[in-house]
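Quick mapping for you: the protein sequence lines, in order, are chains R and G. When the letters of the first sequence are read in order and numbered with the numbering used here, they come out as residues 322 to 431. When the letters of the second sequence are read in order and numbered with the numbering used here, they come out as residues 386 to 497.
For the record, the hints were derived by calculation from the structure and aren't laboratory data. Hints should not be assumed to be uniformly reliable.
Far from chain R by the CB rule (all over 10 Å, computed), these chain G residues [said to hold, decoys possible]: (1) V399; (2) V437; (3) G443; (4) N458; (5) T471.
Here are some chain R residues pointing at chain G (derived, C-beta under 10 Å) [what the hints assert, rightly or not]: (6) M331; (7) Y334; (8) Q359; (9) Q363; (10) F367; (11) Q370; (12) T374; (13) F384; (14) Y408; (15) K418; (16) F419; (17) F421; (18) G424.
Built from N, CA and C at the ideal position, the CB exists for glycine as well.
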Amino acid sequence: LAKTTQPISMDSYEGQEVNITCSHNNIATNDYITWYQQFPSQGPRFIIQGYKTKVTNEVASLFIPADRKSSTLSLPRVSLSDTAVYYCLVGDKNFNKFYFGSGTKLNVKP
Amino acid sequence: EAQVTQNPRYLITVTGKKLTVTCSQNMNHEYMSWYRQDPGLGLRQIYYSMNVEVTDKGDVPEGYKVSRKEKRNFPLILESPSPNQTSLYFCASSPPGSQPQHFGDGTRLSIL
Numbered sequence: 322l323a324k325t326t327q328p329i330s331m332d333s334y335e336g337q338e339v340n341i342t343c344s345h346n347n348i349a350t351n352d353y354i355t356w357y358q359q360f361p362s363q364g365p366r367f368i369i370q371g372y373k374t375k376v377t378n379e380v381a382s383l384f385i386p387a388d389r390k391s392s393t394l395s396l397p398r399v400s401l402s403d404t405a406v407y408y409c410l411v412g413d414k415n416f417n418k419f420y421f422g423s424g425t426k427l428n429v430k431p
Numbered sequence: 386e387a388q389v390t391q392n393p394r395y396l397i398t399v400t401g402k403k404l405t406v407t408c409s410q411n412m413n414h415e416y417m418s419w420y421r422q423d424p425g426l427g428l429r430q431i432y433y434s435m436n437v438e439v440t441d442k443g444d445v446p447e448g449y450k451v452s453r454k455e456k457r458n459f460p461l462i463l464e465s466p467s468p469n470q471t472s473l474y475f476c477a478s479s480p481p482g483s484q485p486q487h488f489g490d491g492t493r494l495s496i497l
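Next up, chain R with everything else stripped away, as it sits in the complex:
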């Protein structure tokens, strides 16, 4: 199970684009990368998942370089409500065992 490393915290201001990078040097060929968001006292919520290159949905983009040893979650034009902890997970397609790590606490300021 590949471990992940993320910055402990990040600060941003409303309206800015935020990029959170996750390092996963031991990612395996069959592993996918998934990001979750968690607000205080709530369960995590799925944001986005990808295998390579770029994935985009209505809330975020996920950039994965060719070597797949890292990935970057991009949140466009953040608002105060994006203040949360963001987790990067790596696992094979079966995704039975999960390693969430400590996540990145994003603080969005007015």
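Chain R is already provided as a structure; the job is to place chain G on it using the hints.
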């Protein structure tokens, strides 16, 4: 409404008194899992179940038991709780081999 329901949401109890935290999902998901969350440690997986009668250990299974007799329910059992099991617990479910996991609202356990 699709949801994962945990009960109780809060519990204060004493060392050694057996307790069960229930988890139920209404999405007909095969996969269910339990996590604990502690400050600075993120979420750590306790047990997971790929289907009825199929369970396996996560990263921190010591002191916990689970059972999966029905697809919708996945209770977490603490036979003899200890203070180091004081934590915030989350149950989650998903289709097999798939994301996203749907999480419950959490159960905060305090063991004195």
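Hint by hint, work out which the structure violates, then give me just those numbers in ascending order.
3, 6, 7, 12 and 13
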